[in-house]
Amino acid sequence: MNQAKIEKLVSRLRYNVGSKPRKLKNVDGPEGRLRKIKKTLTAVIKYERIELNYARADETRGYVERLISEALRHGPEHGETMELANFWIKEKQLVHKLFKVLVPRYQNYTTSFTKLHNAPCIYPGYAYKRAILELKGNIYPTVEQSNPHQHNLLHNILLDAARKEYRMEKYKEIAANMNF
Amino acid sequence: MFIPGTVFNVISRSVSTSTVCNQIIKLTRLRVVDNSEIGKAAMMEGKPPRCIHVYNKTGVGYIGDRVLVAIKGEKKKGILVGLKQRQNPKVPRFDSNNIVLIDDSGTPLGTRIHVPIPHILRTIMRRNTHSKGADYTKLLAIATKFV
Amino acid sequence: MTMVSRLWCRKARQNLAFAKVLGKEPKTFSTLVQLKTDEATDNNNDSQAQTNDELIKSPSLGNYRLVYPEFLPDPNPLYRNSIREKLERMDMLNRRSVLSIPEFYVGSILAVTYSDPHAVGKINKFVGICILREGCGLRSSFLLRNVVNGEGVEVRYDLYDPAIQNIDCLRLEKRLDDELLYLRDAPLEYSTFPFDMEIEAKISESVPVNDIKIPLNPLPWSQRWERLNLKGVKEIVVNERRQKKAAALAKPWEKYDLMKTYRETIPEEEQNEIFSDVYTKLNELEIQKNILKRKYMLQRQNSSKTRTS
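Protein sequences appear in the order of chains A, B and C.
Residue numbers 34 to 213, in our numbering, belong to the letters of the first sequence in order.
Residue numbers 653 to 799, in our numbering, belong to the letters of the second sequence in order.
Residue numbers 85 to 393, in our numbering, belong to the letters of the third sequence in order.
Be aware that one or more of the hints could be misleading.
[Said to hold, decoys possible] With the C-beta cut set under 7 Å, the calculated list includes, among others, these residues of chain B facing chain C:
#1 P741
#2 P744
#3 F746
#4 D747
#5 R764
#6 H771
#7 I772
#8 T775
#9 M777
#10 A793
#11 K797
It should be emphasised that the hints constitute simulated quantities derived from the structure, not laboratory data.
Idealized CB from N, CA, C, for every residue including glycine.
Chain A with its partners taken away, still in its complex shape (with noise of 0.2 Å):
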């Protein structure tokens, strides 16, 4: 049983943590590891919507969301923080975005700042299993889609119930109209 880390304090993420990292193989071990996280990072906050292999979208999940709640803690006059996203984000302009940005969207957020989404595999191709990682409110139309032929959604029970209806008159017809 280990004590706990103290020095820092941080927010809680509002999505489910993986209890451990993933390795994300490279040759150059954690440093490289972090490199890859670095490039698609940068992507996320770039183009807010990216498809990419599932697990390394899972694995840079999680750090976009702890450099967006360590911006919306500290702010940009936090050297560490600054410190951080001039790490994280290649591009500098995608810094300023960080702190003018996406910091006032996601000020009085409650649930998490990003979104995975599982994607199909297109045959015949890689059996990598796919996502689409995105950053919530951005201007894209939503990625989910509604199916429309659900039994519980609410115009298909009531065309269901006028279904019923009509045919239980139609019925009622047809014993009238016999001729025993």
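Once you've looked at the hints, dock chains B and C against the given chain A.
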């Protein structure tokens, strides 16, 4: 530079090349902490005694265990009175592996121990002493300080 | 089981009462950003400013994580169990209500009196500098180091050991590092403290940091200190090979690894939950401790006056 084999052997005896091992096993260097003649002379010469046998069934010495040491070309028995390795809570850990030299009947060779001795050694020494065997409690009488 | 549930009910009622108080004063949980806004509003309102001052004086929950680190559980989710943590916290509070455990940090000098079945009077006392604090919950322990008769001695104590009779913090201070294990390889005078030391009479607002820099003995050492990036050690001199090895093994990127720090810490919201659970009891105990401390100081002043006259 060429060093003759015999000279090299003599030099290498005082230079320790083995890695640090906090466990007391065979060939561990120990520190004599009483004022017995042989112990003092060995420590002054910079040739601390080596453990050549541990009198228990595991071969690893813990606090209060009896060991056989090679000291100045002689074989002597000693009792471990302080260890460097991690101890249980409330049992002190020391900066060196200390022994007190004893003879076969349990009588210490020296008359004074100049480092602190853990209190738990009282219980262990009493437990190890049997009415007809060696009397190890004499060691406690020559201790100057208990921690 | 019924006993446990009954106890919980009582605890829960207490916590509810506390939660009401918190609802009125959300500033106790305020983060840095919120504090700034608070200050701005306080300039307009005098009465509010007063309450804020009181809050700063009283130990806020943000301070609790430094004073009571053992109340925070192990962040590794493998070892988390909310029921066990809760029961452990209750046990810790019960122990603290019997034995007053002072505030101390790594680098403070402590005196521990404990019952020892092996000692002559069945009571033993050890004084030393705290060089390590580890573990959490009921398993938390600390390591004291001192030099006795020219021999370095270290004793590990469990903080909630029922055999401990008294813990006194003789000198309350912090050092520059989280662990002072390098004192093992430093000259002995840096870890020598007299056994008859008295409690230092200092009531200061913040805990002083002793920024002493300690020289190390020449090699060999028990650990490769040059790799650990120590702040409390005078310049470490090693040969070129070891320097190169240390440089190769350095991990300068680790401080940027956001998820690593997250997985090693307990998030603030969770800390607030934990400490609001134990706040009322700990606060009561702290007040009692302060009263006792002041009494002790007064007694000592009086006795010194009578001695001089």
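Ascending list of hint numbers which this structure does not respect: Numbers 5, 9, 10, in rising order.
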